[in-house]
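Student: Protein chains in written order, with my numbering: chain G, 1 to 246; chain P, 247 to 542; chain C, 543 to 1088.
Treat the hints as calculated values from the structure; they're not laboratory data. Since no wrong hints were added, every one of them can be taken at face value.
Residues from chain C shown here face chain G by an in silico Cβ test under 10 angstroms; the list is partial: (1) Ile-860; (2) Asn-883; (3) Ala-885; (4) Glu-1008; (5) Ala-1011; (6) Asp-1042; (7) Phe-1058; (8) Glu-1078; (9) Tyr-1080.
Just so it is clear, CB atoms sit at the ideal spot from N, CA and C, and this is done for glycine as well.
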Amino acid sequence: MHDTTPLSRLAVLDVQGLTCGYGRTEIIHGVDLRVHQGEIVCLIGNNGAGKSTLIKAVIGAIPTLKGQVRLRGEDLARQDMAARIGRGIAVVPEGRGVLAQLSVADNLLMGGYVRRGAPWLDEEMARIYALFPILAERRHQAAGTLSGGEQQMLVIGRALMSRPDLLILDEPSFGLAPKIVESIFAVIEGLRDAGNTVLLVEQNARIALRVADRGYVLASGRTILDGPAERLSEDTTVRDIYLGSG
Amino acid sequence: MQIFLQQFVNGLTIGAGYALVAVGFTLIFGVLRVVYLAHSAVLVVGAYLGLFALDWSGSIPLALALGTVGAALMGLVVERVALRPVAGQNHLISLVTTVSIATVIQETLRLSVQHGQPISYPTGAAAVLLRFHLGGIELHLTVGQLAVMVVTLVLVVALTLLVQRTWMGRSIRAVADNPTIAAMLGVRVKAVSAQTVAVASALAGAAGVLLGLTLPAIDPYVGEHLQFKALAVVLFGGLGSVPGAVLGGLLLGLVEALAAGYLETSYRDLFAFAAMVLILTFRPAGLLGRRPVERV
Amino acid sequence: MGTGSLEAFATIQLIYLIAALGHYMPLSMKQLDVGIAGYFALGAYVSALLTRDWGVPFELALLAGTLAGALGAVVVDALATRVRLAGFAYAIFSLSFAEALRIILNNVSAVGGSGGLVGIPAHTTLPLVAGLALVILVGFWLFDRARLGQLKTAIGDDELIVPVMGVPLVATKLTIFAMGGGLGGLAGGLYSHYVLFIRPDDFGFALLISLQLPIVFGGLDRFYGAVAGILILGCVPEMVRGLADYRLLFMGAATLAVLAVRPSGLITHATVATVKRWLGLPSGGAPRRAVTGVPAPTVATAAGPLVVDGICVRFGGIAALDGVGMTIPTTPGISAVIGPNGAGKTTFFNVLTGLIRPQAGQIRLEGRDLVGLRPDQVFKARIARTFQGVRLFSHLCVYRNVMLAARSATPDGALARARAERALAAAGLDQAAWGLPPDRLTLLDRRLVEIARGLAARPVVLLLDEPAAGLNSAEKERLGALLGHLAEAFACRIVIVEHDMKLVMSIAETVWVMNFGRVLSHGTPEEIRNDPAVIEAYLGSEAAHA
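Chain G on its own, in the form it takes in the complex (with noise of 0.2 angstroms):
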């Protein structure tokens, strides 16, 4: 399919073929997907389509039946999930997943645990609390205490720490309401200008391709669609997918 990003340019994530699913059920069939270094790739789909079946095969949640999964070009089979979060990987998952009753600043802390005893955890830290002063005001409070927003905040402040090569963040505008969501999303576009390299996983098709810069489409399993996120907003067939006039 097209794909107008040069392919001099690195690839952080480079997903081959790749087929997974839970025991006999195959619910991934063979999908492609490429993240580039510095870019925001979008993935999106309606609910059931497999979105977060492949992020957790991705990450090494659930075994890869066939296929490939390399991280700067190393390939990632051998690996099993913690290793995959050492080598640069981290993760936003669903539903934002703090930890509820550690404090806000554990929860930062855990975020670089597999980077634990680099001296500059705590410099990190320093510059997530600047990017999100409100988290240092409650630094001390338990994670679960603070609202939708500030949790959402927390997880990609907490993914941040380990300073990731790749920040897959899954589903962040999760039953938040629409305003939040346009400030997580400003959020997510400042992380690619400061130089991240982000995969994102929505079912908000229009608010992820407005950030993005390229997308892929996913239903029952299979990408039907990627290319530069401007064409696929205008694309008539991501609008039919989600209103079933398809």
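Position chains P and C against the provided structure of chain G, taking the given hints into account.
Tutor: Same frame as chain G, but now just chains P and C:
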């Protein structure tokens, strides 16, 4: 007043033992979410190792060290043999596997060490009576009792520092909070589970040696009644709460000791269970616990 | 071994078997009541005191002991249920009861204190115990085929949805607990009148171990497991010379070894199925005769619509439902509730079926407010449902799954059978599949069984939560066509929550759109498709885009 203070001190000694065992239970439950009943056996392993060390060297610190380390290793064996193979099964299975391995350990001790007859720790340093004068009041305390209080205090502080300040402790708390999320942060949940059982077992091992220092004698089943009470403490202190377990254990020890002056029989053994029923009726999450939300 | 000691050995093992079967009751229902040693002690003491001190006839005393055990179990479990203890806490609670009872008995001089009771009259004989054990085993065999036995299996499989099948959960569980405690009490009574001297410490942790390890070793799937466990773990060490002292060591090691390889124990559902295949026995459960000419349902629709008004549900600080109102017709047909992830659709179904009690609002059907009713009472008001994913009772066959709900809806067994058969046939499930366990079916067929289970209760409203999830397009088409047909044939309103818009738009007459816990829009599929608010909810907001 004299009697009260004396019983207060005695109560702290008893309660310290409950607290050490209960803290281990609450850690294991919090992280592994299993019904774990091998603690009495691990404690007894600590007590016997302490006995051997004391017989051989006469040194209380050495006995404590050997009992603690030996129990921690025993805990790792229990985790590997009785918990890991049945991970993800329902609560009943872990209950039965831990009871089974506890039975194997205790029976092995019974069949191999003096036919399970009660054995006393060598009377020596531990039995020395110390007298303290506090504003005209004289308190009697054996070296053993003093050791119990000092060692428990040190261990509880050390554990708190470990859990609150170190990466290991942080990962333990993360897994206890949400294992799925912890795994996504790069934590190896199985390794953390094993570490947790080892830490809890080390505390039980220390409790075993301390028990040996204060009880007239130990036998392979000496930990069993302590285990029952510690479990009640875990429930009424708040499942998964370390401060709840410490507070609950100390309170129970105090109440038992103070009541001993008024009740002649072993009715005081009932307090743990009565407290559990009462507290759970009015506060289902226990004294310092949080109620988990259950959803369909 | 002399004949005398052989007789003693057999008698004691049979008494243990009866107690083990009592302990099996809660455990096989996946309830961690481990207080069996306490129920055993209650039976032993009550019956012994009655015969020894009050001259009560043995048979009557035995009955009283049985009742005492049953009562003990009911008290423990009612309290634990009331405090809503689960798992770990439940086990400790029941264990503590037995331990506390032991301490009390040790201290009450009226019952002998720690010295125990001596001079209990000898009444228990081997033929009596053997006869009782035989009767109890036959009883267990019959129980597995009775409704209560199937409810026990269902509770073990998926407790949370049992009330939604019209079953009063707490009462059912307490009945089964009482049966287990009663068997424990009976065994205790037999025990005390055989050994003639009992002490509180006879009923300690060691007794629990001797009863529990064998039945888990043997396997909790079927009661044969308990029998096998007692036979192997209880009898082998006694029969092998020199092994008696190693009895507990053997029990512990054998249990560990078996559970490491077979976590469900020696005898499992699969084992039983294999043996039945060898012997050429049918797998049981479903009617064996050919079911033909299933009568058409008598149509009885509700008098008016299901009116939902102002429903609010909060979880902590988050409003899951924020004033939801809908008027759902009860005329035959299909409606749909759609909305993005997290909009509150499933929570809404949970409120409608009584699983979640809303903080505010009303749900009226035929002039009655359903808010505050238990799920089984809502079921009786004729609202049935299915669940996300598929939630069938995995250890009941297809037919029994459907019968479970059908039988809750009517006391008439023949009518319930006719309804179950008709629902299964109408859902297009071949009779050959009725006797199979659900996991042998395809996903679509499992969905259809779940729908048939709902229809067999003859609801006025049937709620389906994501019926098409995970189906391929051909299956979705088949399902869509079938749903329309079923709504007419069973004269009920089917309400679906569904993400597949193509399916929703093709089968639903009316659609409600939810977002952020509110109803955003309501209308025909055509109206919904062109509603800007709906487009925004699904595709995301454009308005805020500068």
